Amino acid sequence: MKYSRLCFVELRRLLRKKSFWICVILCCCTPLLGFLPLTFEDDILSNKYIANPVIAATAAGGIIWAVFSLLEASRVHRTGTDVLTDAVSAPALLPAARMTAQIILVTCTALVCALIWMPYIAHKMEYLFSLKFYLANIAVMLVPGWWLCMLIMESLYQFTRKAEAAALIFALAVGCCFLPYVMLNYSLRWICPTVVTYSDAFPTYWPLRVGLWARIIWLSLGLALYLLSLAAVRKYQRGMIVSFLRGCKQVCLPISAALLIALAVVMGAYQPFIDHDPRSYLDEDDEFFWKEYIDQRLVISAVNIRYTIAPHLTTGTVSGTAEYDLKNNSGYKVENNEFSFVLNPGYTIEAITLDENPVPFETLPTVVSEQRQTKFTLPQPCVGHLKIMYHGMPAQRRSMLPLLVMSTVDPDYVSLYRNSVMPEMLNINVTSFGADYSIILPEDMQLLWEYKPVTDKEPTGDGKNIWHVKADSDYIFNLQAGKFVTRKIEAGGVHIDFTYGDIYDSVVEENDICGAVKAVIDYCSEHYGPLIYTEDDTLSLLQTSALITGGWAFPGAATWMENILTPESLKDAERGASAKEVFIHELIHHWWGGYGVSFEEEEIWGCEGMTVYSTYRLVKELYGEEYAKKYYVEKWIDEVKQQDRNFYNRYPAFLERLPKAMIKQILEDNSGVNHYSRMPLMLLKAEQLLGGEAEMDALLNRIYKEQVIDHLADGEVLVDYSFEDFLRDSGLTEEELHVDENFAL
Amino acid sequence: MLMKILRYELKRIRLGRLYPIMLLCNIVYACIWMWQIGLSGVGGTAPFSKWTYLAYCGAMLPAAVLSLLLSQANYYSEKQQKADILPLSSPYTAGELMLIRITALLICFLIIFLGEYLLFSIPFALFFGTAEVLGYPLIGLIHMLPTVILMLALGCLIGKIRGWLVYVLAAVTFITGLAQFSVPFDLFGNKFFSEYPLKLPTGSAGEPAFEIVPLWICSRIVYFAVGVVILLLSVRRNRKPTLDRAEN
Ligand SMILES: [Zn+2]
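Chains as they are written, first to last, in the working numbering: chain A, 57 to 801; chain B, 11 to 258.
The hints are simulated quantities; they were obtained by calculation from the structure and are not laboratory data.
Any given hint could be a false lead.
As the list claims (entries may be wrong) - Taking lysine-lysine pairs in the DSBU-like style, the calculated list, with each CA pair at most 35 Å apart, reads:
1. Lys716(A) <-> Lys201(B)
2. Lys716(A) <-> Lys209(B)
3. Lys73(A) <-> Lys170(B)
In this text, all values refer to a predicted model and were calculated from it rather than measured experimentally.
Can you make the complete structure from the sequences, with help from the hints?
Right under this line is the structure:
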């Protein structure tokens, strides 16, 4: 029978099978696993509603299809029809046709599953849903994952001819994916690529690109294994080895398998995403790696430094040009005319010219902390117009993967760090003269320079803008571009540039987030003291991509994690009664918490309690006493009451006997109540004991001044503020501040 | 003869592929809820309190009703309708036969109930060293049985119209069951028992003592009565037409 006809027959047969339809239904249910409480909590909706269910469906569905193909493959032998079917067609033809039919059906199932879940996911993600991104995930994760599981299981069966053995080996292979080492290595986890995080507003295709690369490697290997297993299909009731050798006589099977394996090996060895630094840790000495150059006497200086950087958003690459006018003002003659610079190892140097004449250069293979050295030799006297042209995809530090994606170029988002922006000269003096940067970006993107929005731009006429930055130093830490919106707010005597992803614009509008910014900064500056990270009375408040973990503060800029504006986190009732109030809470952390006074985290003491208390005070000023009492004080009392009533808090002896996970859960709940409810109540009590709000504010003002302003003025490091410090400063005792369930106002 | 058919029905349900799987699912479901609400105790009461036990029963109910309705839906499948010709040749009417089946399903429910009760009581009695839990089955049954009877009766009623409607009823029940309303007359009642004790004053033990909420007990009586009435009505309605069919 012809192969295509055979495929059609298999297709019809499978469609009539009950077990196939059961598998389809089960597979359509697998995304549910991604919503179980087992998976980690996430404010980023793309993680919660795309990454988690897709990964769960990929792994669980893969296993289901593997079982299905095992049943199918062993069916002909279980029923003893193999003698019959072998007579009808060439022995390898039937399994091949069956696999083709299965692959077609599984692909259709994946599409159906994606369509079934789409309305729910789109509904849940609201304005953050992107059809393109959703389908890209299905295409990169789900479909190849299901194929791969079937191919591997089928090959295992053809090799072993024992369903139990094949299932056992498969189970072991799946188990390997959950080893800690494999979990962290994005290319080894074959059942599903690792995704650390997605971003809603600044969608990065990084995990997908890396995932696709790993998929191609694994599919090539799976297909090679499958082709070899076809050669091993038993013929004339012979053993495996004889059949295999006979099968290999058809040269095309082993040759294509070898080619596929070669492809996988090459792709595995030359991944463009990582810097191939062999070390898996960060070395503190890295900074001094280029010491021999840094210590050289710098004879040549560069002036008129100009960098032109053009990210190519579709390919994820960057083209750059660095231009220098080399001068020799040192009075010394150049002894060594070999110079070097370091650049991101993902980039290749296209040309280096001096006064338009090419100069010889050599890029060394050694990679240290995302830096690779290029040496070039200039003709004496080594002065003139030096131009370096480079191009490539910025590579990540291998030791950071997959925890952190630093430099990335995506269709709607660009983030480049240090040497992925421009080369760093090692033995030419560039530091003291500053530099001009030109960055070419599509019209709809906003450039952020060191976390501050840039305004100087000029259209090129072809739908792009050239952004100009005149920097004081030759060094840049970070450059970002994306669909950002900047709102200018005047508050507390400071100019605030509040910048966030444009997708959140309606959230900002609806919840009057700008009003919240103004209210908080006015209130806290007046009651506690000025913001400390301002530069020239300006502060850039920036929402960054979820890929950049943690919020940071620099002179003139403070960043927030992306989840500051996501619907999930703005609904967090622990921090505030409305989205605006949650945001107020977060902004107050500029005074209490990471950016301002840092708190010792104790059982009933920490920055959260102080922040919640301040939020309550501000809300009271904004919406009145009734509101603040209802949504804050009464809520705190309720929580404390519930906590005190909890059985295990009444009988702690039983708590110790519970399973560990349960104890952890209860202690976490307790700690949440202690910090978000009990401590604010304690501060409220302190307020009453001190004599009122004015006295409390005076105390907080003193704390902020002593802990932050004075320390910074003296150039000292901030120290954690403990409960004991508070008791000392307020003159109150622990007994006086004790809060129990009968707390009365 | 009656006992014989009952025994036959029981055997069929028990040996059928569906029931053991359902029983297993119910037990697994119960384990999850034991972890979720049982171990921590509801509404600030002890894990072994009557409040917690009733909340646990309320959480179990949707799954129990779902499995019973799925078993019931089997009766209305085409295959089963054909096989029914056989017992119909016995001297019993279709209505009586249906009652026998409902009885068989109720016995299945009791097995599930007992399994879940043991799962709750034995670990807690051992862990907390209290014999209090041993006296709970009655109140649990008072809570669960009326809902089960009402749902089975509804299943009978709409199963007669179209067999597949029972599946719809099962799905709808389970989904609404997950939603759980915080009112004493909620069909399932998990949320009510979790939240109600919070409103009560704490006693000497540091937690509210168990009390029977009047509205709750009334709702149970009403559900029970409505269920029985629907059952009797459908038994009467069934008598004539099916007999004719059997005679054909
Ligand atoms: Zn906070």
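Results for each hint:
Taking the CA atoms of Lys716(A) and Lys201(B), the gap is near 26 Å; set against the 35 Å cutoff, the hint holds. Taking the CA atoms of Lys716(A) and Lys209(B), the gap is about 31 Å. The hint holds against a cut of 35 Å. Annotation: proposed proximity of Lys73(A) to Lys170(B) holds, straight-line Cα distance about 30 Å (limit 35 Å).
Of the numbered hints given earlier, the model fails none.
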